[in-house]
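Construct all of the structure, not just a fragment, from the sequences and the given hints.
2 protein chains.
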Amino acid sequence: MKVAIVGATGAVGQELISVLEKRNFPVSELRLYASIRSAGKSQKFRGKEVSIEALPETPLPVDVVLASAGGSISKQYAPIWAQQSVVVDNSSAFRYEPHVPLIIPEINPQAIQGHQNIIANPNCTTAILLMALYPLHKAFRAKRVIVSTYQSSSGAGASGMDELLHGTKQFLAGLPVEHKTFAHPLPFNVIPHIDAFQENGYTKEEMKVLWETQKIIGDPDIKLSCTAVRVPTLRVHAEAVTVEFERPVTPEVAREVLAGAPGVDLVDDPASKRYPLPLTATGKFNIEVGRIRKNLVFENGLDFFVAGDQLLKGAALNAVQIAELLLKPVAYQ
Amino acid sequence: MKVAIVGATGAVGQELISVLEKRNFPVSELRLYASIRSAGKSQKFRGKEVSIEALPETPLPVDVVLASAGGSISKQYAPIWAQQSVVVDNSSAFRYEPHVPLIIPEINPQAIQGHQNIIANPNCTTAILLMALYPLHKAFRAKRVIVSTYQSSSGAGASGMDELLHGTKQFLAGLPVEHKTFAHPLPFNVIPHIDAFQENGYTKEEMKVLWETQKIIGDPDIKLSCTAVRVPTLRVHAEAVTVEFERPVTPEVAREVLAGAPGVDLVDDPASKRYPLPLTATGKFNIEVGRIRKNLVFENGLDFFVAGDQLLKGAALNAVQIAELLLKPVAYQ
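So the protein sequences, as listed, match chains A and B. Using the working numbering, the first residue of the first sequence is number 1255, and each one after it goes up by one. Using the working numbering, the first residue of the second sequence is number 1255, and each one after it goes up by one.
Please keep in mind that the hints were generated in silico from the structure rather than gathered at the bench. Certain hints may be false.
No copy labels: a pair is met if it fits in one copy or bridges any two.
Below, simulated DSSO-like cross-link-like pairs (lysine-lysine); rule was C-alpha separation at most 30 Å, straight line [to be verified]:
{"no.": "1", "residue 1": "K1397", "residue 2": "K1548"}
{"no.": "2", "residue 1": "K1458", "residue 2": "K1527"}
{"no.": "3", "residue 1": "K1582", "residue 2": "K1276"}
{"no.": "4", "residue 1": "K1527", "residue 2": "K1329"}
{"no.": "5", "residue 1": "K1527", "residue 2": "K1477"}
{"no.": "6", "residue 1": "K1548", "residue 2": "K1392"}
{"no.": "7", "residue 1": "K1392", "residue 2": "K1477"}
{"no.": "8", "residue 1": "K1582", "residue 2": "K1256"}
{"no.": "9", "residue 1": "K1538", "residue 2": "K1548"}
{"no.": "10", "residue 1": "K1477", "residue 2": "K1397"}
{"no.": "11", "residue 1": "K1397", "residue 2": "K1458"}
{"no.": "12", "residue 1": "K1538", "residue 2": "K1256"}
{"no.": "13", "residue 1": "K1434", "residue 2": "K1527"}
{"no.": "14", "residue 1": "K1582", "residue 2": "K1538"}
{"no.": "15", "residue 1": "K1548", "residue 2": "K1477"}
{"no.": "16", "residue 1": "K1538", "residue 2": "K1392"}
{"no.": "17", "residue 1": "K1423", "residue 2": "K1538"}
Next up, the structure:
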């Protein structure tokens, strides 16, 4: 397959290149696109240098476009790319269009059927949540979900990570902490504000988790409320999750379900201080789930904690997995 | 009043000294006690040096003992101190004894009646939560509460703060990050583990929030579930809170209630990027509450975010406020 990465120099773009390598994706040709600033530079892929091109305004000469250059670029160009290629889009520009499949391959691969050359990659927080929630939902049927997030600086791209590191150094040197990517200084702080505020008082990040959960699991009746908080970590989004199920559930059975779930590492041995952590989930394809316990406010309720690398399962890995579905025409198309 | 501070050199002890000064507490004599290591050092109070003494095994020659030297010291000595003084104890050693009042002065000052010389100061997370929850509970009656916390390193005392700062420097220098106070390295990480794990899978920190909420608001039927997470901040515990109420509630009316609540700063103007933050709540007596919005899973539900300095309202300030109640015999005794 001829593959293009748009936004190749960004945090997700860099992971896309690495994930294509690690998963041995059958790339016959790789084209890398970025802003005019980066054009002319090059990037190693499977031992060879691939030069980075400025993005043209035309269709791209590839089979698959993996797009991760932000919503406005996708909105403008994806329809053009889709004339000749299948676009896997990491932005939120098309996620809520009824004819655009929104896919987590472990959960709803069948949704790829009948795609019209644009397929959406979900929001990172949603993808990490659903990897743990969906297997439990299948077994016990989730009715109400309450999520509080601990989202890392790189959720805002490479500039978010740089701002946290630079600001931390400024703080330790007793200097004023500069900030631009985040609404407030992030070092030694937490900020309950990710993406734009909506009329109902929720941020768009928080609403995405509801909207995308309903679309991906195909249940418009599931209720979900989220508080999305930026914390001073470099990678990995962690989430504290409370779920009320329709059917009776115990932590023991939930652990069995999750131990057998694809893409999930059960890390749940508090006596040995083993539970999901940003530091241990960093760089891992699987998401970690643990702290599984009976929730104390719902009759059929569970609490658990997840941590997943939002640049991988929350972005690049999931996008490459979607592209892999395109290679399996018998099963899904 | 003759006042003793036990644990004077700790993070809370230092704040106790400062709060007594700032609130102009009528101190006729101040005695400072700490471990034998610190004995002989001295500490400024109202411009004069007060020498730090090693803790004797006898009653202390004061009217009030403000104790903040950990649960085992309190367990051993508080009954001895209580022979001659009223003890305001910051540990969890006596909080759940039926005859020991557990008090937040804005909420249940009347509970001081009939005390037997030991009065307990609540857990920091609980105190900060209830400052916002209780006024809403009075107005709309809370039935179910779900809390996820973002707790700072100084919740583990001065050594927690030191470990975070030292570890952050190690991390930035590319060195291995040492840890001892925390179960894992805290810099650029979050750790869903505070205090010891219980048989039900919750930590003691998480269970304290339930037990103490029921005792302080005097409602053994309120249901509450908590996930307590350590985050790399220096001061202030933040909490994402979901509440189901018995009576209908709107964010507008909740804002009015909280705007009039004692000890609460309503910081809720997302359009101007104003919401509770550890950085802005640091050093403040009042707790901050904001991000108030209709919860999306409960009919009569609210979500909000609180941030409060856990060394102040979560510890030293509340203890001094309890001591102030002792000065008002007419109203409360």
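State the violated hints by number, sorted upward, taking the hints as numbered earlier in the document. Violated: none.
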